[in-house]
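2 protein chains.
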Amino acid sequence: MRAVGMVVEFNPFHNGHRYYVRQAKAQTEADVAVAVMSGNFTQRGEPTILDKWARTRAALANGVDLVVELPVFYACQPAHRFAAGALRLLNELGVSAVAFGAEHPQWDFAQLVRATADLDQATLKRYTATYATQFNDQLAQRTGVSLQAPNDILAFAYTKAARAHNYQFDLQPIQRVASDYHDQVIKGAIASASAIRQAVQDGEDYRQAVPVATDHELAGISQVPSWGQLYPMLRNQLIQAPVDQLCQTYQMAEGLEYRMKEFAERSLDFAHFIHGIKTKRYTYAHLIRLCLYATLQMREEELGDQVRHPYLHILGFTPQGQAYLHQVKKTVGVPMFTKVSQEMKDGLCRLDYRAGKLYQAFTPVEQDLKHAPVIRR
Amino acid sequence: MRAVGMVVEFNPFHNGHRYYVRQAKAQTEADVAVAVMSGNFTQRGEPTILDKWARTRAALANGVDLVVELPVFYACQPAHRFAAGALRLLNELGVSAVAFGAEHPQWDFAQLVRATADLDQATLKRYTATYATQFNDQLAQRTGVSLQAPNDILAFAYTKAARAHNYQFDLQPIQRVASDYHDQVIKGAIASASAIRQAVQDGEDYRQAVPVATDHELAGISQVPSWGQLYPMLRNQLIQAPVDQLCQTYQMAEGLEYRMKEFAERSLDFAHFIHGIKTKRYTYAHLIRLCLYATLQMREEELGDQVRHPYLHILGFTPQGQAYLHQVKKTVGVPMFTKVSQEMKDGLCRLDYRAGKLYQAFTPVEQDLKHAPVIRR
Numbered sequence: 027m028r029a030v031g032m033v034v035e036f037n038p039f040h041n042g043h044r045y046y047v048r049q050a051k052a053q054t055e056a057d058v059a060v061a062v063m064s065g066n067f068t069q070r071g072e073p074t075i076l077d078k079w080a081r082t083r084a085a086l087a088n089g090v091d092l093v094v095e096l097p098v099f100y101a102c103q104p105a106h107r108f109a110a111g112a113l114r115l116l117n118e119l120g121v122s123a124v125a126f127g128a129e130h131p132q133w134d135f136a137q138l139v140r141a142t143a144d145l146d147q148a149t150l151k152r153y154t155a156t157y158a159t160q161f162n163d164q165l166a167q168r169t170g171v172s173l174q175a176p177n178d179i180l181a182f183a184y185t186k187a188a189r190a191h192n193y194q195f196d197l198q199p200i201q202r203v204a205s206d207y208h209d210q211v212i213k214g215a216i217a218s219a220s221a222i223r224q225a226v227q228d229g230e231d232y233r234q235a236v237p238v239a240t241d242h243e244l245a246g247i248s249q250v251p252s253w254g255q256l257y258p259m260l261r262n263q264l265i266q267a268p269v270d271q272l273c274q275t276y277q278m279a280e281g282l283e284y285r286m287k288e289f290a291e292r293s294l295d296f297a298h299f300i301h302g303i304k305t306k307r308y309t310y311a312h313l314i315r316l317c318l319y320a321t322l323q324m325r326e327e328e329l330g331d332q333v334r335h336p337y338l339h340i341l342g343f344t345p346q347g348q349a350y351l352h353q354v355k356k357t358v359g360v361p362m363f364t365k366v367s368q369e370m371k372d373g374l375c376r377l378d379y380r381a382g383k384l385y386q387a388f389t390p391v392e393q394d395l396k397h398a399p400v401i402r403r
Numbered sequence: 027m028r029a030v031g032m033v034v035e036f037n038p039f040h041n042g043h044r045y046y047v048r049q050a051k052a053q054t055e056a057d058v059a060v061a062v063m064s065g066n067f068t069q070r071g072e073p074t075i076l077d078k079w080a081r082t083r084a085a086l087a088n089g090v091d092l093v094v095e096l097p098v099f100y101a102c103q104p105a106h107r108f109a110a111g112a113l114r115l116l117n118e119l120g121v122s123a124v125a126f127g128a129e130h131p132q133w134d135f136a137q138l139v140r141a142t143a144d145l146d147q148a149t150l151k152r153y154t155a156t157y158a159t160q161f162n163d164q165l166a167q168r169t170g171v172s173l174q175a176p177n178d179i180l181a182f183a184y185t186k187a188a189r190a191h192n193y194q195f196d197l198q199p200i201q202r203v204a205s206d207y208h209d210q211v212i213k214g215a216i217a218s219a220s221a222i223r224q225a226v227q228d229g230e231d232y233r234q235a236v237p238v239a240t241d242h243e244l245a246g247i248s249q250v251p252s253w254g255q256l257y258p259m260l261r262n263q264l265i266q267a268p269v270d271q272l273c274q275t276y277q278m279a280e281g282l283e284y285r286m287k288e289f290a291e292r293s294l295d296f297a298h299f300i301h302g303i304k305t306k307r308y309t310y311a312h313l314i315r316l317c318l319y320a321t322l323q324m325r326e327e328e329l330g331d332q333v334r335h336p337y338l339h340i341l342g343f344t345p346q347g348q349a350y351l352h353q354v355k356k357t358v359g360v361p362m363f364t365k366v367s368q369e370m371k372d373g374l375c376r377l378d379y380r381a382g383k384l385y386q387a388f389t390p391v392e393q394d395l396k397h398a399p400v401i402r403r
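Protein chains in written order, with my numbering: chain A, 27 to 403; chain B, 27 to 403.
Pulled out of the complex, with its shape left as it was, chain A reads as follows (with noise of 0.2 Å):
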C-alpha cells in the first residue's frame, strides 16, 4: 500500500479539506491518505474550534484514514520547525509522498530554498522588523519571489525540511482552490476555517461550506474556544510567578518577561493585553504562542527534552488505515500506541497532556489519560 501524507489542523475539518484530501490521494496515487494533525492548539497558539477527537472523527469521515496527533511542540511553533516537525513523524510512518496546498504550486520551492540557505535568525538581526519581514526582504531581492501567502510559507518549509534530512518521499503541492484564507464571508461550498469559525462564533449558517460530519461536532459546542477564556490562567502566571521563573519559560526572551507581566497587571481581558505587548519586533503569532507556553510554563529544557523524544500518537484510523499501520508498523522507529498511559501521561506524553488540560476550559472531555483512538468501520 502506498500512503499520502498530509500536515493538517482541520480547524475544522470543511469541503476544502475534502477537496484536498481527494487531490492528494489521486495525484500521487496513494492507496491511503496519512493526517498528521495539530492536537488541541493551532500553530498559532490558539485554541481549537473542536477538540482532536472531534475533529479526528470529521476527517475520518471524509477520505482521511489515519490520524496522528502533530505534538503540541511541535504543533505550536513557527513554520520551519511546525514543518520539520511534522515531516519527521511522516517520514517514520513511511508515506510515498507528502502533499500539501500552497498559492503558488507551480513556484518551484527547492530553488527558494537554495537561494536562502544561508539566512538564519542570527544573519537577520534587525529589531524593529520580525524575522519573517527581513526574510522575506532578503529572498524578493535574490528571486523576485514575495513569500506571503501562508501556505506558500509552509511549502517553502516543507521543501526545505525535506532537503535538510533527505527525505525519500515526493513532495507534491496542490492549488489551493476558491477562498482566500483569509476571507471572512462563506460565499459557496468552499470557504476558508477562519470564516466558518466567524460563522459559528456568529450564530451564522455554515452548513453549506462543511460536510456533515462537521456539522455534527459543531452542534455540540457551547462556545467557540478563544484565549478570551483562558485568559485568567495566562493572567494568574504572569502575575504569580516571580520574574526570574518567568524568563526560564521557552521563547521568552530579551525582557519579555517584564512586559508581559506589566501587562497582565494592567490588562483585565486577553485584547488589551495582547495588543499591549505587541511591538514591531514580534507577530502576533510569536506572542500567542508564546502566552501559551507561559501558561503551560513549558520551560526551555522541557521543550528541547521533548523535542528530541518524539512518537506516534494514533488518534484514530479507518480499516485502510488500520492495515496501513500493519503494514509499517516494524519499520517505525519512534514508540507508536493508541492509548496514553497513567505513566506516559507524566513523561513521554506529558505536555501534550498538559495542554489537554488546559483545554478542558472548553470541554468535560479528558483529552489524553486512557482515551480510545476513533475506529471508523
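Hints were generated in silico from the structure; no laboratory data involved. These figures come from a predicted structure and were not determined experimentally.
Here are the simulated distance ranges between beta carbons:
| hint | chain 1 | residue 1 | chain 2 | residue 2 | range |
| --- | --- | --- | --- | --- | --- |
| 1 | A | Lys306 | B | Arg325 | 29 to 39 Å |
| 2 | B | Thr364 | A | Val269 | 21 to 31 Å |
| 3 | B | Glu392 | A | Tyr310 | 20 to 30 Å |
C-beta: ideal position from N, C-alpha, C; glycine also.
Assemble the complex: chain A is given as a structure, and chain B must be docked to it using the hints.
Just chain B now, kept in the frame of chain A:
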C-alpha cells in the same frame, strides 16, 4: 484620645458588627474604634463578598473610625498566627484596649492559655486527627473547657499572643449576641455573616440584617465571590507546575503536592477537588488556605520574609480616626501609608498586591496600586 482596637473581617459588615463596635467603645471608654480588617481574603482563605474598599466604606459609616488592612500573610492563617499578626499591628497603633467577641466571655482565657502552654504542633503528632482536635482533647482533659466556638478560639489566641509579647493594652471580651455563627437563616435584625452571604447568593432579602451602607455596597455586586470562580487558576497552577516547584509552596507538606496535582487533573470543579483532597489530618480551612497559597505561588521563604516586615496600610478614616493617626504617627515603628506606590507593589506589599490581582476575578477595581484611602467627613 483613647482607642479600642478590633480584629475584623466584616464579611459583610452587619448589624451585629455595629452593635459590637458600640459595645467596644462603651465598655473600654474609647474615643475611637480602630479596626484591623482582613483584605480581600478571609481567615479560611475564601474571597470576601465585597472588596476591602466597600467593606471599609460600610464600617466607617457605622461607628468605626479607622480601618487598617490586615495583610494577607497574617489574614489567611490559622487562629494563632492570625491573632498574633493582628495584635502586633494594633500594638503599633497604640490602642488602649482590644475588644473581641466571644461565645463565652466569662471564661478565664489567661488561665486556659497557661494550662496549655506546653502544647504545640510538635507535641501533637497523631496523623489521624487535625491539630485543633488534638489540642482540644488535651485542653478539655486539663481544664474541663471545650474550645469549640470560633470566637472563643480567637479569644484564646488573642490572649495567648498578648501575654507572649507582654502587650500593655487591656483585653475586653464582648458577649456575642443572638445568632449562631453557623446559623444559615436570617430571623431578625441580627444574623450571621454567613447567613447574609447565603441570602445574597440565593437572591433573598437580607436588608433587615445589615445597615444601609452595606445594602448599598451589596447592590453593586453581580456574583458572590467563591473559589468556584478562582478554581481555573488554581487548577492550572497545580497541573502545569512541576511537583518540585509546588512543594516549595508555603505549608505544602507531606506529599500534599502530589495529592493536589492528582485531584486537580481529575476535577473540573472546586467542590469535587476540595472533597477529593480532604483527609482526617487537615481541616477544610487549612486546605482552602493552601489553595490560596498555591494560586498566589506563595513560597515558604517569601512568606517568612513578609511576616518579618509588617506595615500599616490605612484603608480609610473618619475625622476622629484622622486625629488619632496624627496623635500616634510618631510612635508607630513600622511603615504606615495611605497609598501603595509602584515600588511598594513589587516590594513591601507584593503579596497583598498579588492577592488583589487575583481578586480582580470579581471586580475590575484596582485593589492597591495608587488606590486612595476612603475618607469619611
